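Could you put the whole structure together from the sequences, leaning on the hints where they help?
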Amino acid sequence: MLLQQRKVFNPLGDDTVSERKLIGGNSTGIANLNSVKYTWASKLYQIMLNNFWIPQKVSLVDDKTTIKNLTEHELEAFKNTLSFLIALDSMQTANLPNLSAYISAPEVNALFTIQEFQEQIHSQSYQYILQELFPNLQREEIYDYWRHNPLLLSRNKTIANKYQKFVDSPTAENFKVAIAADFALEGIYFYNGFKFFYQLASRNKAVGVSKVIKYIENDESTHVSFMIYLVRDLFNLDDASDRLILKETLEEATEAEIEWGKAIYGDNILGVSEKSTEEYLKYLANQRAKPIGLGALYRGYNTNPYQYLEDSDKRENFFETTVTEYSQSTAVGGWDDF
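When you line the sequence shown up against my numbering, it's residues 1 to 338, in that order.
Just so you know, these hints were derived from the structure itself, not from any lab. Values in this document were obtained by computation on a predicted structure and should not be read as measured data. Misleading hints may appear alongside valid ones.
Unchecked claim - Pairs of lysine-lysine, DSBU-like flavour, derived with a Cα cap of 30 Å:
(1) 21 with 37
(2) 290 with 262
(3) 21 with 247
(4) 68 with 275
(5) 43 with 214
(6) 290 with 21
(7) 262 with 68
Structure below.
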């Protein structure tokens, strides 16, 4: 059975909290945020709104010098990582409206709207990095890496196909597959690349880029929380088919990301090895699986091999820029239902 998109205006709708549903609800189309059913959405809304920032506020002047100090392997990994992150955020920006069109709870729709905006800021951030650090021909080459890198093309297709399946056939089952894929993308795919940039920054290379990446990661952490809430409300973990969708999607993402990390970084980046890549991603998969009720997917992977990067984040000066240096929304009024 196909899901029905939310109507622009539905005079016969019912917005009372008791009748409100995530999908398949009979909403009026009016964004009644005075009373909300999903109180987690109002809390998360405040956090996401307060995360507003502008990439151009981060200076990349020093990076123009330090990028020249990258090794051949580091520079190639830098380009491949940027290309992959660009693809991820591009697909998110394009796909989020396809999902939100079926969300009938206005407080949850508000989160999709903010997330889509943030993904666009992330795309702008990558454009800014490329503009500041690479000549025009290299920028275009990096955008088009997927055309010449079979592994990158395969990664992009795997993600896009799960989204496209729902667009082509918007059933409740395919909606769950798309949400599970969204959760895997937000929770697994980005982080190997983030850690690569932090490794460079720990050696005073591309420090400005890492600051931009850190702000992107702050946004992505809220997106992960958003997906966790959606999964908890949409999936029945007592149902074997629901558990299978989530388990297979997370495991597929993890294995694909391990393959990617080993191919792009291998043992050629200081601080990164094929062993640490696998350890980190299986650890991360466990961290994503536990909050949604799946438990650990990989036994024995309970330690983050890159914990020292997170610890140094708190004590080293390459992330010392404060939020006051950014265009930031620091005092946002809003929903009172929490």
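Checklist entry - Straight-line Cα separation of residue 68 and residue 275 no greater than 30 Å? => result 28 Å, holds
Checklist entry - Is the hinted pair residue 262 and residue 68 satisfied, with a Cα-Cα distance of at most 30 Å? => result The hint holds at about 24 Å.
Checklist entry - Given the hint that residue 290 pairs with residue 21, does the C-alpha gap stay at or below 30 Å? => result 25 Å, holds
Checklist entry - Going straight from one Cα to the other, do residue 290 and residue 262 come out at no more than 30 Å? => result Roughly 25 Å between the alpha carbons, so the hint for residue 290 and residue 262 holds.
Checklist entry - Does residue 37 lie within 30 Å of residue 21 when you go C-alpha to C-alpha? => result 8 Å, holds
Next on the checklist: Holds or violated: residue 43 and residue 214, Cα atoms, limit 30 Å.
Outcome noted: 22 Å, holds
Next on the checklist: Next pair to validate is residue 21 with residue 247; report whether the Cα-Cα distance is within 30 Å.
Outcome noted: 25 Å, holds
In summary, this structure violates none of the numbered hints.
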